[in-house]
Amino acid sequence: MSPKTLYDKIWDAHVAHEADDGTTLLYIDRHLVHEVTSPQAFEGLRLASRKVHAPDKTIAVPDHNVPTTEGRDVFIENEESRIQVEALDTNAREFGLHYYPVTDIRQGIVHIVGPEQGWTLPGMTVVCGDSHTATHGAFGALAHGIGTSEVEHVLATQTLIQTKSKNMKVEITGKLAPGVTAKDITLAVIGKIGTAGGTGYVIEYCGEAIRDLSMEGRMTVCNMAIEGGARAGLIAPDETTFDYVKGRPHAPKGAQWEAALTWWKTLKSDDDAHWDKVVTLKGEDIAPVVTWGTSPEDVLPITASVPAPEDFTGGKVDAARRSLEYMGLKPGTPLSEVAIDTVFIGSCTNGRIEDLRAAAAILKGRKIKEGIRAMVVPGSGLVRAQAEEEGLADIFTEAGFEWRLAGCSMCLAMNPDQLAPGERCAATSNRNFEGRQGRGGRTHLLSPAMAAAAAVTGHLTDVRELM
Amino acid sequence: MEKFTTITGVAAPMPMINVDTDMIIPKQFLKTIKRTGLGVNLFDEMRYDDDGNEIPDFVLNKPQYRNAEILIAGENFGCGSSREHAPWAIKDFGIRCVIAPSFADIFYNNCFKNGILPIALPQEQVDALMNDAGKGENARITVDLEAQTVTTSDGESFPFEVDAFKKHCLLEGLDDIALTLEKQASIQSYESRIAVERPWV
Ligand code: SF4
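Going line by line, the protein sequences match chains A and B.
Note that the working numbering gives residue 87 to position 35 of the first sequence, counting from 1, and the numbers run on in steps of one.
Note that the working numbering gives residue 64 to position 35 of the second sequence, counting from 1, and the numbers run on in steps of one.
Everything labelled a hint here was simulated from the structure, so no lab data went into it.
Treat the hints loosely; a few may be bogus.
In silico DSS-like pairs for lysine-lysine, Cα to Cα no more than 25 Å straight-line [claimed, not checked]:
{"id": "1", "chain 1": "A", "residue 1": "Lys227", "chain 2": "A", "residue 2": "Lys61"}
{"id": "2", "chain 1": "A", "residue 1": "Lys305", "chain 2": "A", "residue 2": "Lys103"}
{"id": "3", "chain 1": "A", "residue 1": "Lys56", "chain 2": "A", "residue 2": "Lys329"}
{"id": "4", "chain 1": "A", "residue 1": "Lys218", "chain 2": "B", "residue 2": "Lys63"}
{"id": "5", "chain 1": "A", "residue 1": "Lys329", "chain 2": "A", "residue 2": "Lys227"}
{"id": "6", "chain 1": "A", "residue 1": "Lys305", "chain 2": "A", "residue 2": "Lys317"}
{"id": "7", "chain 1": "A", "residue 1": "Lys103", "chain 2": "B", "residue 2": "Lys212"}
{"id": "8", "chain 1": "B", "residue 1": "Lys164", "chain 2": "B", "residue 2": "Lys91"}
{"id": "9", "chain 1": "B", "residue 1": "Lys120", "chain 2": "B", "residue 2": "Lys63"}
{"id": "10", "chain 1": "B", "residue 1": "Lys63", "chain 2": "A", "residue 2": "Lys103"}
{"id": "11", "chain 1": "B", "residue 1": "Lys212", "chain 2": "B", "residue 2": "Lys32"}
{"id": "12", "chain 1": "B", "residue 1": "Lys196", "chain 2": "A", "residue 2": "Lys216"}
{"id": "13", "chain 1": "A", "residue 1": "Lys218", "chain 2": "A", "residue 2": "Lys56"}
{"id": "14", "chain 1": "B", "residue 1": "Lys91", "chain 2": "A", "residue 2": "Lys216"}
{"id": "15", "chain 1": "B", "residue 1": "Lys212", "chain 2": "A", "residue 2": "Lys61"}
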């Protein structure tokens with residue numbers, strides 16, 4: 053047998069049909085559905101009198117535009133949001149899907165709920181009408197975002213028409229320095245390969261620094277694979293993965309657990325597997341980073357200064373000029389002198405318990421700078437409950453943060469949590485696009501610890517100074 | 030789905046790289062539960078000022094490009110979210126073909142599901158088309174899917190690649206779901222096999 057990568061193995065295990073021209077019907081093990089990209093798909097099913105092929109493998113949760121303030125279970129003020137949430141409710145019930153409405157403590161961001169409930173398991177194919185589905189790759193599951201037509205296709209057939217991507221290996225060797233986190237790794241990788249560097253590839257992250265990460269950290273890394281253009285990101289499952297999965301509500305039990313484990317342990321790339329592209333970064337070289345521009349590839353260590361358009365070549369010169377103008381930044385300004393007025397901790401990138409612990413560790417016994425608006429939006433109701441139990445919620449509120457209910461919130465600002473034009477936000481989310489957090493809003497992406505540090509000082513800050 | 034065979038039309042030049050889906054259709058327009066009607070909000074934040082007035086400099090607001098059917102853009106077009114609202118908005122505006130040096134994966138796939146043809150060409154050829162498009166309404170570019178060529182107003186022709194299956198679906202306007210359902214038997218036999226091999230799934 054020819055050697056295979058992890059991606060090859062998962063792919064081969066899911067081919068339901070292959071046409072002569074190589075077009076493949078890939079079987080989908082888990083389909084996650086949220087309110088924004090699904091209404092038209094269910095509508096399409098109804099119009100064609102089709103059913104959901106495997107309601108048992110379909111999980112629905114509202115997250116993108118739900119408010120994160122109390123009272124949302126009673127009434128959502130914004131009419132359009134309300135209509136979408138109600139449509140999901142009707143669709144989930146009518147088609148018999150697993151469903152976590154806002155009244156359920158397990159509700160949260162779809163990519164946090166899936167793993168938390170044990171829906172996401174190693175070796176699975178997982179899709180969702182959301183590009184950050186890549187998150188689930190942390191379990192060694194082939195997971196990627198799809199459009200609404202594909203959502204409809206999966207609902208109707210439990211398959212996707214796919215062509216295979218190429219294999220890319222991203223290795224992070226050695227150990228991370230203190231203050232450097234999974235978020236810094238994933239941003240550093242995008243900074244290195246660019247936002248289109250992974251186009252056409254599935255990335256497998258490996259190396260000691262990746263192995264050393266918790267599942268939360270691995271999810272943060274895979275979450276942003278899409279920001280590097282890749283179809284998916286993967287990390288081979290190991291003991292850390294199995295420990296996380298074991299005992300979760302929908303994880304296998306008893307003899308099935310043993311059988312699953314036996315298969316899962318085969319899920320790694322063979323030593324002599326072929327890679328179409330290899331990128332290596334030294335863990336020791338990665339610094340705490342922030343973005344300065346309006347593309348996730350605009351990454352620099354916090355110790356650097358705002359670059360000038362002339363530092364770039366090709367189309368990037370104009371892009372950088374436009375970014376700097378939008379961001380209101382002058383070339384040469386030290387990044388650590390950039391004042392912010394808003395801090396957002398949350399999202400499917402960094403809304404898990406470990407992220408809240410990292411931020412709280414910096415905030416403990418400190419107060420946020422006067423005039424700063426800061427909010428923490430836990431990724432799920434369960435993360436929120438755990439943080440309250442561990443006393444993290446108190447640390448946040450005592451420091452001056454707002455403590456919110458679970459949802460996507462200011463990651464994409466479809467709910468009332470938005471930036472006003474010109475406001476500048478230190479955000480733990482994944483996109484710094486123009487207008488992403490509100491029209492005219494300016495976003496700097498960074499880790500939860502760095503976000504907490506910025507909240508304390510009122511400007512982008514090297515977290516190592518507060519450790 | 031609407032068929033795509035050949036179009037000859039005005040091409041709008043948009044020489045920006047990394048045009049993301051938030052630029053194509055900002056999130057405030059994702060709250061619809063329909064697929065149509067998004068064309069007026071295509072490129073909303075670049076196209077209108079804070080009071081909702083058109084920004085005259087923006088390419089699609091210029092008289093010669095208001096009816097553009099083709100868009101020529103920089104590399105990594107359509108990066109960002111999986112929102113199919115992006116191709117819906119492009120289609121609703123009347124654009125049927127986007128030409129760029131490269132596309133983000135999900136956006137690229139989404140186009141085909143909506144009767145839009147995304148074409149990736151080498152940078153020099155995109156530059157030539159960008160120039161041609163810059164001449165305005167008299168420069169009509171022809172895209173022929175059957176022959177897999179893009180032809181400038183001066184008659185210079187560039188061949189492009191497209192996946193054979195995607196091409197077939199677009200030429201015939203086929204609905205993928207109906208095609209897949211014809212393979213129902215394979216799907217069911219796969220499911221029976223997995224129920225034994227990996228029962229925990
Ligand atoms: S938190 Fe942000 S990136 Fe994640 S699913 Fe929600 S909107 Fe998308």
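These are the hints, each one checked on the structure:
1. At roughly 29 Å between alpha-carbon atoms, A:Lys227 and A:Lys61 are farther apart than 25 Å, so this suggested pair is violated.
2. Between A:Lys305 and A:Lys103, the direct Cα distance comes to roughly 30 Å. Violation of the 25 Å bound is thereby established for this hinted pair.
3. Proposed proximity of A:Lys56 and A:Lys329 is supported: the alpha carbons are some 15 Å apart, at most 25 Å.
4. The hinted pair formed by A:Lys218 and B:Lys63 fails the criterion: a straight-line CA distance of about 35 Å is larger than 25 Å.
5. Simply put, A:Lys329 and A:Lys227 have alpha-carbon atoms about 23 Å apart, close enough for the 25 Å limit, and the pair holds.
6. At roughly 17 Å between alpha-carbon atoms, A:Lys305 and A:Lys317 fall within 25 Å of each other, so this suggested pair holds.
7. For a cut-off of 25 Å, the pair hint linking A:Lys103 to B:Lys212 stands: about 16 Å separates their Cα positions.
8. Proximity of B:Lys164 to B:Lys91 is assessed by CA-CA distance (about 12 Å); at most 25 Å being required, the pair is judged to hold.
9. As the CA atoms of B:Lys120 and B:Lys63 are separated by approximately 14 Å, the hinted pair is consistent with the 25 Å bound.
10. Our distance criterion of 25 Å between C-alpha atoms is met by B:Lys63 and A:Lys103, whose separation comes to about 20 Å.
11. The straight-line distance between the Cα atoms of B:Lys212 and B:Lys32 is roughly 23 Å, inside the 25 Å bound, and the hint therefore holds.
12. The suggested pairing of B:Lys196 with A:Lys216 holds, with an alpha-carbon distance near 17 Å, which does not exceed 25 Å.
13. Between A:Lys218 and A:Lys56, the direct Cα distance comes to roughly 12 Å. Compliance with the 25 Å bound is thereby established for this hinted pair.
14. Of the supplied pair hints, the one linking B:Lys91 and A:Lys216 is violated, its CA atoms being roughly 41 Å apart against a limit of 25 Å.
15. A threshold of 25 Å between alpha carbons decides the hint, and for B:Lys212 with A:Lys61 the separation of about 23 Å falls inside it, so the pair holds.
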